[in-house]
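I would like the entire structure built from these sequences, with the hints used as guidance.
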Amino acid sequence: MSRLFMFEKPLGMRDTLPGLYEMKSSARNAIQSEMKRWGFQFIETPALEYYETVGTASAILDQQLFKLLDSQGHTLVLRPDMTAPIARVAASKLLKEDLPLRLAYSANVYRAQQREGGRPAEFEQIGVECIGDHTISADGEVIALLISSLREVGLPKFQISVGHIGFVQTLFQQILGTEERAQALTKFLYEKNYVGYREHVKNLALSSIDKQRLLDFLKLRGGEEVLSFANDIIENESGREALSQLQQLWEIVVAFGEEDKLKFDLTLISHMSYYTGIVFEVYSHAVGTPIGNGGRYDLLLEKFGKATGATGFALYLDRLIEALGGLSEETPMTCILFSDERRQEAYTVAKERRAIGEKVVLQDINGVKNIDACTNQYTDIVFLIGKAGRGS
Amino acid sequence: MKEMLTIAMPKGRIFDEAVELLRQAGFNLPPEFEDSRKLIIDVEQEQFRFILAKPMDVPTYVEHGVADLGIAGKDVMLEEERDVYELLDLKISACYLAVAGLPNTKMNDVAPKVASKYPNVAAAYFREQGEQVEIIKLNGSIELAPIIGLSDRIVDIVSTGKTLVENGLVEYERIADITSRLIVNPVSYRTKDERISEIVDKLTDVIHGVRS
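Here the protein sequences come in this chain order: Z and V.
Residue 1 is where the first sequence starts when you use our numbering, and the numbers rise one by one after that.
Residue 1 is where the second sequence starts when you use our numbering, and the numbers rise one by one after that.
Calculated directly from the structure, the hints in this document are not laboratory data.
Incorrect hints may appear among the rest.
Claimed, not checked - Dumping the calculated DSS-like pairs for lysine-lysine here, alpha-carbon to alpha-carbon at most 30 Å: (1) Lys137(V) to Lys106(V); (2) Lys202(Z) to Lys106(V); (3) Lys187(Z) to Lys91(V); (4) Lys192(Z) to Lys106(V); (5) Lys261(Z) to Lys2(V); (6) Lys261(Z) to Lys192(V); (7) Lys192(V) to Lys211(Z); (8) Lys2(V) to Lys157(Z); (9) Lys211(Z) to Lys91(V); (10) Lys192(Z) to Lys162(V); (11) Lys202(V) to Lys192(Z); (12) Lys117(V) to Lys157(Z); (13) Lys219(Z) to Lys202(V); (14) Lys11(V) to Lys162(V); (15) Lys162(V) to Lys113(V); (16) Lys187(Z) to Lys54(V); (17) Lys192(Z) to Lys192(V); (18) Lys9(Z) to Lys137(V); (19) Lys117(V) to Lys192(Z); (20) Lys261(Z) to Lys202(V); (21) Lys192(V) to Lys11(V); (22) Lys91(V) to Lys38(V).
Claimed, not checked - Beta-carbon label-pair distances, calculated as ranges: (23) Glu241(Z) to Glu198(V): 30 to 38 Å; (24) Glu199(Z) to His64(V): 26 to 34 Å; (25) Lys38(V) to Gln113(Z): 28 to 36 Å; (26) Glu198(V) to Glu251(Z): 24 to 32 Å; (27) Glu44(V) to Ala307(Z): 54 to 62 Å; (28) Lys359(Z) to Arg13(V): 56 to 64 Å; (29) His64(V) to Lys67(Z): 28 to 36 Å; (30) Leu69(Z) to Asp16(V): 56 to 64 Å; (31) Glu199(Z) to Pro112(V): 46 to 54 Å.
Nothing here was measured: the structure is a model prediction, and the numbers come from that model.
Using N, Cα and C, we set each Cβ at its ideal position, and we do this for glycine too.
Pasting the structure below:
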């Protein structure tokens, strides 16, 4: 390995400089405030978790986990997502009363990148989890909150695509018979390889009707009408149940008045294997990757000892910032350049201005080599130099 | 007004066939299209923007979303493994990936070496065969490698087999059949679905018309 430059950081790690920090923080505040207004409570969990518990429950690929050993020899991971840690806390501590819990977080998660080191390996997610409510109302609520949060943050154009893991599973199982064969076909969906999917279907020993059903499945994308097309393809109860859940979800989102942001896409499946029901992704027209995703995970809590349903979403803050475009305008900042004689006056002025909410920098003029370059940085300059009554 | 779609096209071998296919599908592309040396060509009447990229880079543009659609060889898709939808087999520029080498030779027992422009494909193939080989990445003229003793085998695309014959090489194994694919960015696939579906439908008609 070549010698590191002193300024280098580990692969995928990023610094956040003042301009970007401001933008992230104002976006974060807007979203957090909205989540709080909806009655979601923020919590924090540790960055390090046990590999055996949260690490394996999190559904992030093993090679993407940052692992280390503690002094007892346990394998630890830097949390690769927030859903699993929150499930751990909820199951062990919070779900005492069997009442629905509304939790929120904004935290950094860690996923080692395999290629192109410029991609972030540490990134902030802001999200909510609604735990202990099995109704579709809960799914509708988190989607409505997602839409509302994106409005609050000022994202002009976005779209949410909704699918259902249960629908895909039951359709494939019913037509193909075994889970093994269903998985072979699902793999093509994961890989987004529709050419391979069609080839695979063509070579299966199935009736032409069943083959057509599998091929038509790929077209189940669009508005509410998709649900009735899907109804023609599916033939069993659990599939119909999945569709009726999506129909309910649609009506709930209509009741929230947000249906123009919603589309169905039954081909949508997630690499997060803990999802069991409704899943969704949110897209901005300005970014090439989803800016957030979420869904229902009714079996994850069980792994931590409490069998109950849950649903939630997470937004990727850095992709959201990218979607919002350029840095926000800098807020005005005053600089008071003072010399020793008028120190007291400078401190008094600064205190008064800060008290009314202005941003004020106090700078001893002896600490500045290039006065012009210094004054150019600020919207307003106050000179308090020399004997009182002169120079200001 | 239709939304502008950006399409990444591969320069070289596949380009002409891809343009021809788009014309057959009823898209109105100007006659001087092929002769242009520009890297970006806007076709106003269709609301298309074409970007002309190196074939190996097409999936990269599409994955990052700077191009909504792209036309890429399956060989490139296998090598790059980008997070994009592979929607259609366009059935153009057919060829295949193969292992080739000097006739009547065996892989070196001590240090078997394979040269390729497709190091990931080559590594995956030999790993599946249970063979441990050293992969040497080359950027072109792969046929040179076995002739001058850089490697025992090469992994490369073969269309007619003429290049192999002319350089005194023979094919040992066939790895995968290759044709060009229509690929789509996952976000564009959802946010511009109507226009993309229209293109897919038109192309599907042409492909099936040609075939059956």
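Cross-check of the supplied hints:
The hinted pair formed by Lys137(V) and Lys106(V) meets the criterion: a straight-line CA distance of about 21 Å does not exceed 30 Å. The hinted pair formed by Lys202(Z) and Lys106(V) fails the criterion: a straight-line CA distance of about 38 Å is larger than 30 Å. The hinted pair formed by Lys187(Z) and Lys91(V) meets the criterion: a straight-line CA distance of about 23 Å does not exceed 30 Å. Only pairs whose Cα atoms come within 30 Å are accepted, and Lys192(Z) paired with Lys106(V) is rejected, the gap being roughly 38 Å.
Restraint check: the Cα-Cα separation between Lys261(Z) and Lys2(V) comes to about 20 Å, which is no more than 30 Å; the hinted pair holds. Proximity of Lys261(Z) to Lys192(V) is assessed by CA-CA distance (about 14 Å); at most 30 Å being required, the pair is judged to hold. Of the supplied pair hints, the one linking Lys192(V) and Lys211(Z) holds, its CA atoms being roughly 28 Å apart against a limit of 30 Å. Among the hinted pairs, Lys2(V) with Lys157(Z) is consistent with the structure: their alpha-carbon atoms are about 17 Å apart, no more than 30 Å.
Of the pairs offered as hints, the one joining Lys211(Z) and Lys91(V) holds, with about 21 Å between alpha carbons and a cut-off of 30 Å not exceeded. Taken as a hint, the Lys192(Z) and Lys162(V) pair is broken in the structure, with Cα atoms around 34 Å apart against an allowance of 30 Å. Distance hint between Lys202(V) and Lys192(Z) is fulfilled; the C-alpha atoms sit about 21 Å from each other, no more than 30 Å. At most 30 Å may separate the alpha-carbon atoms for a hinted pair to count; Lys117(V) and Lys157(Z) exceed this at roughly 41 Å.
Taken as a hint, the Lys219(Z) and Lys202(V) pair is honoured in the structure, with Cα atoms around 15 Å apart against an allowance of 30 Å. Taking the CA atoms of Lys11(V) and Lys162(V), the gap is about 22 Å. The hint holds against a cut of 30 Å. Using a Cα cut-off of 30 Å, the hinted pair Lys162(V) and Lys113(V) holds, with the two alpha carbons roughly 23 Å apart. Annotation: proposed proximity of Lys187(Z) to Lys54(V) holds, straight-line Cα distance about 29 Å (limit 30 Å).
As the CA atoms of Lys192(Z) and Lys192(V) are separated by approximately 17 Å, the hinted pair is consistent with the 30 Å bound. Proximity of Lys9(Z) to Lys137(V) is assessed by CA-CA distance (about 28 Å); at most 30 Å being required, the pair is judged to hold. Restraint check for Lys117(V) and Lys192(Z): satisfied, since their Cα atoms lie roughly 24 Å apart, inside the 30 Å limit. Between Lys261(Z) and Lys202(V) the alpha-carbon distance is near 28 Å, which keeps this suggested pair within the 30 Å criterion.
A distance of roughly 25 Å separates the Cα atoms of Lys192(V) and Lys11(V); the hinted pair therefore holds under the 30 Å criterion. For the proposed pair Lys91(V) and Lys38(V), the alpha carbon gap of about 27 Å is at most 30 Å, so the pair holds. With their beta carbons about 33 Å apart, Glu241(Z) and Glu198(V) fall inside the hinted range of 30 to 38 Å. Separation of Glu199(Z) from His64(V) is about 27 Å and conforms to the stated range, judged on CB atoms against 26 to 34 Å.
A hinted range of 28 to 36 Å for the beta carbons of Lys38(V) and Gln113(Z) is consistent with their spacing of about 34 Å. Between Glu198(V) and Glu251(Z) the beta carbons are some 30 Å apart, a value that agrees with the proposed interval 24 to 32 Å. Here the CB-CB span from Glu44(V) to Ala307(Z) is close to 59 Å, well matched to the stated 54 to 62 Å. Between Lys359(Z) and Arg13(V), the C-beta spacing of about 60 Å keeps the proposed range 56 to 64 Å intact.
Roughly 29 Å separates the CB atoms of His64(V) and Lys67(Z), a value that falls within the hinted 28 to 36 Å. Separation of Leu69(Z) from Asp16(V) is about 57 Å and conforms to the stated range, judged on CB atoms against 56 to 64 Å. For the pair Glu199(Z) and Pro112(V), the supplied restraint of 46 to 54 Å is violated, since their beta-carbon distance comes to about 32 Å.
Hints 2, 4, 10, 12, 31 from the earlier list are contradicted by this structure; the remaining hints agree with it.
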